[in-house]
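S.K.: If you read the sequences in order, they're chains A and B.
Positions in the first sequence are counted from 1; adding 8 to them yields the numbering used here.
Positions in the second sequence are counted from 1; adding 8 to them yields the numbering used here.
Among the hints, erroneous ones may be present.
No distinction is drawn between identical chains; accordingly, a pair holds when it is met within one copy or between any pair of copies.
[To be verified] Distance condition first, Cα-Cα at most 20 angstroms in a straight line; then the derived DMTMM-like pairs of lysine to aspartate or glutamate:
1) Lys56 - Asp28
2) Lys56 - Asp125
3) Lys56 - Glu91
4) Lys63 - Asp31
5) Lys124 - Asp143
6) Lys63 - Asp28
7) Lys95 - Asp40
8) Lys26 - Asp138
9) Lys124 - Asp28
10) Lys26 - Glu149
11) Lys63 - Asp40
12) Lys95 - Asp146
13) Lys63 - Glu141
14) Lys124 - Glu141
15) Lys37 - Glu141
16) Lys95 - Glu21
17) Lys38 - Glu141
18) Lys38 - Glu89
19) Lys63 - Asp138
20) Lys60 - Asp28
21) Lys67 - Asp143
For the record, the hints were derived by calculation from the structure and aren't laboratory data.
Residue strings, one per chain:
There are 2 protein chains.
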Amino acid sequence: MDQQIIQDLVLTELNIIKTDGGDVLHGMKKSDPGFISFGEAYFSTVTKNSIKAWKRHHKMTMNLIVPSGEIGFGIFDDREESESFGKFSTIVLSQSNYFRLTVPPMLWLGFKGLSKDLSYLLNIADIAHDPNEVDHLDLNEIDYDWSYLK
Amino acid sequence: MDQQIIQDLVLTELNIIKTDGGDVLHGMKKSDPGFISFGEAYFSTVTKNSIKAWKRHHKMTMNLIVPSGEIGFGIFDDREESESFGKFSTIVLSQSNYFRLTVPPMLWLGFKGLSKDLSYLLNIADIAHDPNEVDHLDLNEIDYDWSYLK
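Same shape as in the complex, but just chain A (with noise of 0.2 angstroms):
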């Protein structure tokens, strides 16, 4: 994996515990780097080959985490003050790279799926849903190889 990540974005690696007829899987702890408070926890599916992008958070700090399936990550930097400026980020998570990957908000996040099965996100956002601190692009609209994501 690329470790020259986006300025402010965080993977933390999470424990997968096995036991007897199915494991534990760790989420996040409000202890836990990237936690700064609770608003809402929700599911997004994708189906294979399926891309959802692109949205941006004015307000929300995202931890994503893919506990079933396959999913690439895709994100833009085109805040003007981050040392990152203009470049891109991507992260592919399933249980495989169990990870969770906090989104500071301003960052341009799309995902795709890539496993067979229907593949799960978690995020566990910092405000509830908020139709009126999202900006979205349509996915041509970042110039961003999709393709490289199978």
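Given the coordinates of chain A, assemble chain B onto it according to the supplied hints.
M.R.: Then chain B, alone, in the frame of chain A:
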């Protein structure tokens, strides 16, 4: 479903919003019934016909959501002051019966995987995991017929 559930158990119907390429599944907002505070969110997985039982928390309120698969819950109330003292509740959760189950402290809980594919349980808990506040009993120490759940 049996609506004569144990005192203080709360079932809250959740929305699934259909969108192209995948859905959005609501989980919990801080303004929702059952939310006390945020301590930890974690997943448990359970294979078909595996039973994980019994546990009782002294402090934790659990908010249980099944985004994938199907899980049957057995809950036993041995709180002497309870109106439902000595009673059991049986609740099945899945995307087809998409509810959040809020379980207050001091109830005995077990669960069984019912779907062919692995089932996923998200617990949004008001405190972080603490083994000192959890009691355990072996499966057979509470007389509950798990064969009804299939």
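S.K.: Take the hints in turn and mark each one as holding or not.
M.R.: Hints, one by one, checked against the model:
1. Lys56 - Asp28: between (30 angstroms within a copy, 12 angstroms between copies)
2. Lys56 - Asp125: both (7 angstroms within a copy, 18 angstroms between copies)
3. Lys56 - Glu91: neither (33 angstroms within a copy, 49 angstroms between copies)
4. Lys63 - Asp31: between (32 angstroms within a copy, 16 angstroms between copies)
5. Lys124 - Asp143: neither (30 angstroms within a copy, 40 angstroms between copies)
6. Lys63 - Asp28: between (40 angstroms within a copy, 16 angstroms between copies)
7. Lys95 - Asp40: Neither: 27 angstroms inside a copy, 38 angstroms across copies.
8. Lys26 - Asp138: between (37 angstroms within a copy, 18 angstroms between copies)
9. Lys124 - Asp28: between (26 angstroms within a copy, 17 angstroms between copies)
10. Lys26 - Glu149: neither (43 angstroms within a copy, 24 angstroms between copies)
11. Lys63 - Asp40: neither (25 angstroms within a copy, 25 angstroms between copies)
12. Lys95 - Asp146: The answer is within: 18 angstroms in one copy meets 20 angstroms, while 54 angstroms across copies does not.
13. Lys63 - Glu141: within (10 angstroms within a copy, 41 angstroms between copies)
14. Lys124 - Glu141: Neither way: Lys124 and Glu141 sit 33 angstroms apart in one copy and 40 angstroms across, limit 20 angstroms.
15. Lys37 - Glu141: between (25 angstroms within a copy, 17 angstroms between copies)
16. Lys95 - Glu21: For Lys95 and Glu21, the Cα distance exceeds 20 angstroms both inside one copy (23 angstroms) and across copies (42 angstroms).
17. Lys38 - Glu141: Result: close only across copies, 18 angstroms inter versus 24 angstroms intra.
18. Lys38 - Glu89: Intra 29 angstroms, inter 33 angstroms, cutoff 20 angstroms: neither.
19. Lys63 - Asp138: Within one copy only: 13 angstroms inside, 37 angstroms across.
20. Lys60 - Asp28: Intra 36 angstroms, inter 9 angstroms, cutoff 20 angstroms: inter-copy only.
21. Lys67 - Asp143: Cα proximity of Lys67 and Asp143: one copy only (11 angstroms, versus 40 angstroms across).
In summary, the numbered hints that this structure violates are 3, 5, 7, 10, 11, 14, 16 and 18.
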